Every structure is written in C-alpha cells, then in structure tokens.
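**Student:** Work the whole structure out from these sequences, hints included.
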Amino acid sequence: MAGSNVADMNQQGVRWTADQVLALAPDVASRKAGSKLGAAGPWSETGSSSEGAVWGLCKGSGSKPYQTVVDTTGPAYKCSCPSRKFPCKHALGLLLLWAEPDGADGTVPDTRPPEWAEQWLADRRKRTAATGGDQSTPATAKAGDAEAARRRAERRAERATAGATELEQRLTDLLRGGLADAEQAGYGLWEETARRMVDAQVPGLASRVQELGAIPSSGAGWPVRLLEECALLHLLDQAWLRREQLPEPLAATVRARLGLPTSADGPPVRDQWLVLAQYDSAEGKLTTRRIWLHGVASGRTALLLSFGAAGRAPELALPVGFSLDAEVSSFPGTGQLRAALGERFAAPEPTPLRPEAVNIADATAAYGIALRDDPWLDSWPVTLREVVPVQEDEGDGWQLADADGKFALPLSDRAVTRPGLWKLVAISGGAPVTVFGECGHNGFTPLTAWPTEEATEAISLS
Amino acid sequence: MNAMATSNSTAPSDISDAPPDAGTAWEELVTSALLGTDRRRPQVSVGPGQDLPGALLDAAAVETVRRRAGLRPTSAAVLPERAAPDTRPPLPAAARRRLALLLTDRPGAGGGRRSTAPDLTELLPQWLALANDHGYAAPAELLPALLDAARGRTDLRPQALRFAGPRALWLARLNPDWKFALRTAPGGKGLPDTGDAEAVQRLWEEGLFAERVALLAAVRVDAPEVARELLGGSWSTERAEDRLMFLDSLRAGLSDGDESFLERALSDRSRNIRATAAELLSALPNSALAARMADRASSCVAMDPTRSAITVEAPHACDAAMERDGVVSQAPSGRGQRAWWLGQLVESTPLAAWSARLGGRSAEEITALPVHDDWRPELHAAWCRAAVRQRDAVWARALLGVPSAPEAGGPGAVSLAERAKLLAVLPGTERADWVAGFIDAHGLSEAFQLLGVCTLPWSGKLGRAVVDALNIARDAGSYPWSFSGVMGLAERCLDPAETSRLESLTAISDEPEDGAPGAVGYWAEAFQRLVGTLNLRAAMAAELTPREAVDIPA
Chain U
1 MAGSNVADMN QQGVRWTADQ VLALAPDVAS RKAGSKLGAA GPWSETGSSS EGAVWGLCKG
61 SGSKPYQTVV DTTGPAYKCS CPSRKFPCKH ALGLLLLWAE PDGADGTVPD TRPPEWAEQW
121 LADRRKRTAA TGGDQSTPAT AKAGDAEAAR RRAERRAERA TAGATELEQR LTDLLRGGLA
181 DAEQAGYGLW EETARRMVDA QVPGLASRVQ ELGAIPSSGA GWPVRLLEEC ALLHLLDQAW
241 LRREQLPEPL AATVRARLGL PTSADGPPVR DQWLVLAQYD SAEGKLTTRR IWLHGVASGR
301 TALLLSFGAA GRAPELALPV GFSLDAEVSS FPGTGQLRAA LGERFAAPEP TPLRPEAVNI
361 ADATAAYGIA LRDDPWLDSW PVTLREVVPV QEDEGDGWQL ADADGKFALP LSDRAVTRPG
421 LWKLVAISGG APVTVFGECG HNGFTPLTAW PTEEATEAIS LS
Chain A
1 MNAMATSNST APSDISDAPP DAGTAWEELV TSALLGTDRR RPQVSVGPGQ DLPGALLDAA
61 AVETVRRRAG LRPTSAAVLP ERAAPDTRPP LPAAARRRLA LLLTDRPGAG GGRRSTAPDL
121 TELLPQWLAL ANDHGYAAPA ELLPALLDAA RGRTDLRPQA LRFAGPRALW LARLNPDWKF
181 ALRTAPGGKG LPDTGDAEAV QRLWEEGLFA ERVALLAAVR VDAPEVAREL LGGSWSTERA
241 EDRLMFLDSL RAGLSDGDES FLERALSDRS RNIRATAAEL LSALPNSALA ARMADRASSC
301 VAMDPTRSAI TVEAPHACDA AMERDGVVSQ APSGRGQRAW WLGQLVESTP LAAWSARLGG
361 RSAEEITALP VHDDWRPELH AAWCRAAVRQ RDAVWARALL GVPSAPEAGG PGAVSLAERA
421 KLLAVLPGTE RADWVAGFID AHGLSEAFQL LGVCTLPWSG KLGRAVVDAL NIARDAGSYP
481 WSFSGVMGLA ERCLDPAETS RLESLTAISD EPEDGAPGAV GYWAEAFQRL VGTLNLRAAM
541 AAELTPREAV DIPA
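Protein chains in written order, with the working numbering: chain U, 1 to 462; chain A, 1 to 554.
These aren't lab readings, by the way, just hints derived from the structure by calculation.
Please read all numbers here as calculations on a predicted model, not as lab measurements.
Misleading hints may appear alongside valid ones.
Stated by the list, open to error - Reference excerpt, derived from the structure (chain U facing chain A, CB under 8 Å, subset only):
(1) R176
(2) G177
(3) A180
(4) V390
(5) Q399
(6) F407
(7) P419
(8) I459
(9) S462
Claimed, not checked - Rough simulated footprint, nothing fancy, chain A against chain U, three-plus residues with beta-carbon under 8 Å:
(10) 229-237
(11) 361-368
(12) 420-432
Think of the CB as a built atom: it goes at the ideal place given N, C-alpha and C, for glycine as much as any other residue.
**Tutor:** As structure tokens, this is what we get:
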C-alpha cells in the first residue's frame, strides 16, 4: 500500500492485503491454520458488503458448516466454531479469501449479508453506537466506590510493607551467614521465600526472589551475580519502605517494580507507531507478550504488554515492520516505557520507515543513562546502526561488531540459544545490518533486523 | 557475570592480585557476602540503626548500579568474510510468505486422522522445484529453516540447496548442524571458467568435496577429456568413498570415451567401485566389457531346434575373468547359484545382441517367445534390468506389453517394481498413457508404484483415469483410507486445471445401501482436501510466476 493510502485504510469496503490479514493472527499456529483455509475449497456462500462486513460458511469436520462473520471496521469477529482464539482460523481464512488481489475476482462477491450474518452485524452496530458516546463514564462513579478503592489500596500497601520487611530480614540473615551457605541450601530456600511474597501480594518481589534461586547453579561467577541481585532487591525493599521520601515519579516506578496495580493514566499520544518487535515468553502458565513501538513523530519508544493465561495466546498482536495510527498512554513512573494501546485509527500497514539508529558506544551509554531513572532496569531498547554478527574468538558466544571491526556488544545468553540468532546471521551474510534489540548488563538481545542494502523490510528475529 | 564488564569481573579468589581501584572495593564486598559478614567484616560505613548486612547490601547496590551504568563495549572479534552475492532475482512477496508457511508446517501436527486441510510439507519439494525453474534467490531470513528442513530430509537436499544458493554454504561453515550442505551442495556458482586450466586444477586440488563434484560435472560438459585427466591424476590418492561418488557422477553424460578409464577402475581395491565400473561399462553397448558379457550370455541362451522357443543353459561356473567383469559369484541365500550368474550375464549384455542371436527377431517377438524349463521369469527379469540400465525404450515397451492385458494386473512375469522402472525409460506422455490404460483395466489397488514414476503434473488422460477410479471406489462403498496412498499422490500430482471436475465430488451424497457406514462423509472430506490442495498448488504456481511489478492501486 502506498503512503497516500493511509486515510483509506479504514474506509469501508476497501479490501485489505494478505499481509494485513495475517497481521491479525493471534499466534503462529492460527496464522498457519488460517492460511490453509484461505483457499476456495471449504468455503461457500461467501460475500462482503460495502459496510465492511465479510461472511461465509466454512466446511469443517462436522456436518454443519461454521458460520463466520467479520466486521472489518472494528475489526470484530464472530464464528460458530468452538475456538477461543480471536480471530479464529476461519475468520482469518475468510479474510484471506476476501483480501486483495484475488478476493475481488469474484470469490467473495459484493452482495447483501444473509440473515444469520445480518443479525450479528446489526446488533454490533447498535452496541457500538450505544457505547461510542460515553467511553469516559468512570468519572461519574460514585464517591463511595472511590472511598472503598482507597481503603483497598491502603490494605494492599500494608501487606506489601509486611512482605518487604520480611524479605529484608531474610536478606540480612543470608548475608550474615554468607552466600556460600545459600548455595548449599539450594532452591528450597528461595521457593519458600517467593511463596511468602506471593502471599503478601507483591508479585514483583516474588519473581525476583524466584530468579535468585537459579543463580547459584548458573555457572562460574555466580557469587557476583547473586550479590548484585540481592543488593538490587534490597534497594527495592528500602525504596518501598521509604517511599514517602521519594519523588512521586520514582515512587511510581517502585510500585510498578513491586507489581502493585497501576494504570496507564498518561495523556494519550497519537502518532504513527512503528511496530519494532513482538515476542512471547512463558512464565509458568502465563504467556507474556511484549510489543515494542516507536513513535515516528514523538520519537518515543513504548512497550505494550499483553498476557495469555493457561496456554491461551495473548490477545494483542501487531505485525513487525508495520506502522499503526493510534493513541498510546504511558504508565506512571520514571524510566518506565510501558504503555497501553488506546484508540486505533486504522489497520496496521507496511512502512519503509525505520527508527533512528545509534552506534555501539551510544547504545551502552543509553542503558547507563536509563539506570538513573530506574536502577532495576536489566536492559534498554536501542536500534544499532551498521553492525555485523560475529562469532567470538573463543567459546560459543556471539557479538555484534561495528562495521570497522573495533567495538562490539556481546549477545546475551538468551539470544545465543534462540533460532533468531541464525536468522540474523543469515540476513547479514557478513555484511552490516541495522538491528533493534534490548541492550543491558546481560548483553544485547536482537529482536528485529533490517538488511542495510536497498531492502527496507523489517525482519522479526523472534 | 556482567557480560560486558571487562575490568571489574574477576572472580573473588583473584582479590590479592587485583589492582587497588574501585574493582577491589567490589571484590571485597563479594568476598564478605560469600563468607558472611559474621566471618568477614566488610569495609563499609554503617549508618545509624543499621546492621552490618544492611550496610553491605547498601554498598553493593551502589556498586552494582555503578558497574552497570559504566558498561563499555568490548573489542570486536575478527569480522567474517562476506557471503558471495546471490545475483538471482528475489522471490515475489506472496511466494516468500508461502515458503515461510511451508517451512513452519510439521507433519502430523494435526494428529490422528487426516483432516480436510492440505498437507503442506508434501508440497515443499514441488515448491522448490518450481522456484528453481524460475531461478529465484532464496530470502536470507528463511535460509536457517530451509537448511533445517534439508537436514531432516535427504530427498529435499538437492533442490533445497540449489535454491538456498551461495549464502547457505557460507552459513553451513558457521553451524555444524548444517555441515551436510558442504558435501552435498551443487555447484553453479563460484566455479572457475572451465577453460581456465590453472584455476580448474587449483580448485580440483584444494576445493571442498561438493565444489570438486560440481567442478567435475561442469568440466565434463565442456571438455570430457579434461575431466577424465583430472580424475585420473588424483585417482589413486582419493578416499574410497569419494572415489565411489566421483565414479557415480560419470553416469551423467557417459560415453564411449569413458571406457578406458572405467576399464582401469575394474581393478580397483574397493569392491563397490569395481561393481560400479562394471555396471557403467555394461551400459556402453560398444564397450569391450559389454562384448565379453554378450559372448558369455549368448552361449547360454539359444533358439531350440524347433525354432519356436528359447532354451537356456545357465553357466556352470563363475571364473576369475567373469568376476573381474563385475559378476558377483556368491548368490544371495535362497537363489540358485547358476540362475544368479545367468541373470548377471544377461543384464550386462547389450540388448541389440539378442536379435542376431535369436534369428533376427524384434524385441516384441523375442519377449513373446515361450522359454523352456521355467527359465522365463529369470530371463525376462534380466532383460528388464538391461532395458532400464541401457535406457532402451523399444525393449522396455516390449517387456511392458499392453496395459489392459489380464496378466498385467496379476502376478505376471514382470513385477510391479520392475514395471515402474521400465516405465521410467519411456517418454513422459507414453508413460502416462500406459498407466492410464492400466488403471482403466485394473483399478487403483496396484497402481501406486506406477503412478510414482509419472511426470508432473499428470496428463489429462491419466488424471481423469485416477479421478474416475477414485469415484468408482467411492460408489463401491469402501473407505477412502484404503486409497490414501493414491489420494496423497493425486493431491501432489493432479493438474490443478482438473479442479473444476472435482468440485461435484466434494458434496455429501446419499449413503449407498451396502456401503461402509459413514464412508460417504469421509470421501467428501478426502475430496475436499484434494480440491483444497489443488487450489493451493495453483496459487503456489501463480505466486511464483513473475509479473511486471503489479502495484496494488491506491
């Protein structure tokens, strides 16, 4: 799509491209399943209307075909299949069928929706019209609710204080007896402390404590790493216990680090947001999806988090290398890049734009500066200019070296063990590439790469 | 350990050697922490109301943040050599997306019963062949997945590595998982001009095995005698398994000029090499070996006195000269020694010799002759092997016979496996017609192997024969999985243009009264997958067809 097309994106009746459709897939599996259904085979009675609706019947394994409807203005989906993914593979397949350039050939003709589709579409339009006006009603909430919420927050803070105090005591005991003892005590010690933090409703402390447990078995140099992490945990405890003395933005950072509830109350910033990277990590039963955005006009970098419980894919999915006309609101706290996605004004579309890139020295400096606002930061997002992935002279390590072969950033252990490393090496072929990733004390974790020569396409390494 | 910190990261035991700077203070803290503040008092200032561990943690927190904030880049390792440029045109965007999907699909992901969705892994070989026909360059970011796929499936390797191009070889040098590419990659790039004798000689002496195989093939096309000189020059110093591979590569473009080289290889140390050399020589009807074999075979096979049937007198011994010509003297268990020798003599004899030996008869007439004493199966089987080895279409046709003949479907003189090999000798259209005739007469149950040798996509006649036979099987009320092999082949091989004829079969019709329960639904499902796969293949081919930069109108 050409740049001039931005305004048309949301226009009703304009068919999307296959890329735009696939961008909506909640995960790789749905993407694949949807692609398989994006052929005429199982479909019948397909159609689309100028109001932006697409519908069709998809033959599944049962005798009754699934009824699939999509309102592309939302987008919103409805399908009679039992899948709990949104959009489901049928919705994706239907949209692929409808998409440019093939859909207009008559596979999905422009016509009137059948009754079963029309009913849902009409209901939806009614609902949108009803909620459209009063999105900001929370202001009218009763005063009594506010009082109750304040009391709840107070109780939560008391428990957090109890948790932090207990943790301080455990750290003191640990340091008095020595970290060497902790090595012998093993995992159990930390497991138990982590459970106490969960009981105190401070998930941020709980997960940090849990990570401590893995350090003694993490190979050479573990005492240094364990002391570092204990010291930062101590710093966090102390910051919470003396939060009244902190400036409010830093206190907000401490609350966020503790994992206390917080909300994106920053003013919404509308911009063209480049989707720099998207990747998932699994912690227990919870899947956390991180999406890095970069505002073209504002120059801001923002992190969106989305969660999926019990094996479900997180709901939010944005395609790397696309840009999105949308509003983004930040969460409070200094050095906090986390934000929430607000209103989206158009579907994501491919863009040749790239974030501004820096050299290796500036990247480490940027992390150092960010630590002033949030000393608990493990890494900071940067885009490196003209770097070459290089195998280290000894061992299995890799680094990103600048093009003249002087300075380099080692890749993090996490990066070296992921398949994305080989993608990056293949894209480079020994030549410099532009790389976005997270730069920190554990090394650099590449997330997205742009080949330097002519090509403009961003390639996700996750 | 801080991955980037260079000066501050020494282990605690190195403390005594560490210079007296900020690093020492940190090391002191680590030592106190490790041993415990009770045992080793840290040199930290203790605030009012603070205990020693708290003061240690305070100091350590300051140091940790200071160390992290002060991270500096390390020095770079030696930059790698750049990958050779790939000058082929890039893949169209849609084809690139398709390849990514084909490469992420894993067989059996759906588990259990096959669904109505196409099996993408089975389409990868076809996709690669098409992409190579168009001469596209592989997208760099998909090379790791492509190499992983080729690693797991040897049948994919030639096409995959050709498509992957020079950058895949560059990658394979960095990742031991992909070492196979360095041995199997075909040439075509980076090869010197075959006229540049010096460069050719250097690559031949110093190149990787895959490069040398590619070089040999290239030189063989342009100057066969130079290729033989290269091979002859280094022959005695090559490893046996490499010698075998080089010898095998002579199959392409085999000519009478290769005879003297092959004759020498008959005295090789390795038995496999001797056998291969003999086999190659026997495929050269003018070779001395072929003539020697013809002599031996002719003395065993003759017309009987009535001139209406063939008599066979199998050899009584396998002498040293026969063994040198590749005859294996020890028969596999269960086979008669003399029959075993006879078979080897006849299969190495030029087929042209038989007409003279058997009264000027044609191949067709000879194969129709009765053979005394039950020697017919043995003799015909050997002729089949000879026809395949010598790629003799006339004999292949004669041995195959008429596809509709009743014995063609049953356990005739020629097995299905041999038929399939004979078919491969015939031109593509003749092959398809023969198999179509076979299916019309005998149905699908025996057709799987024969279909496997037909060229892609199946011709209209063959395609219709298969679809009709499937339709008949459905009407007969059997379950579709009895035909899953043929179904799978049809998905890969039917011409997508046939799709329209299949649409009507995807509907669920009424159950026949005597049919297997539920079969109708399963058939509809199987046909749906067939149609879906054909559509997908049509889309795949369309995506790979280059068009003049079609921009989506704004």
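**Student:** Decide, hint by hint, whether the structure agrees.
**Tutor:** Each hint tested on the structure:
no. : hint    : in the structure
1   : R176    : holds (5 Å)
2   : G177    : holds (5 Å)
3   : A180    : holds (5 Å)
4   : V390    : holds (5 Å)
5   : Q399    : holds (6 Å)
6   : F407    : holds (4 Å)
7   : P419    : holds (6 Å)
8   : I459    : holds (5 Å)
9   : S462    : violated (12 Å)
10  : 229-237 : holds (count 5)
11  : 361-368 : holds (count 4)
12  : 420-432 : holds (count 8)
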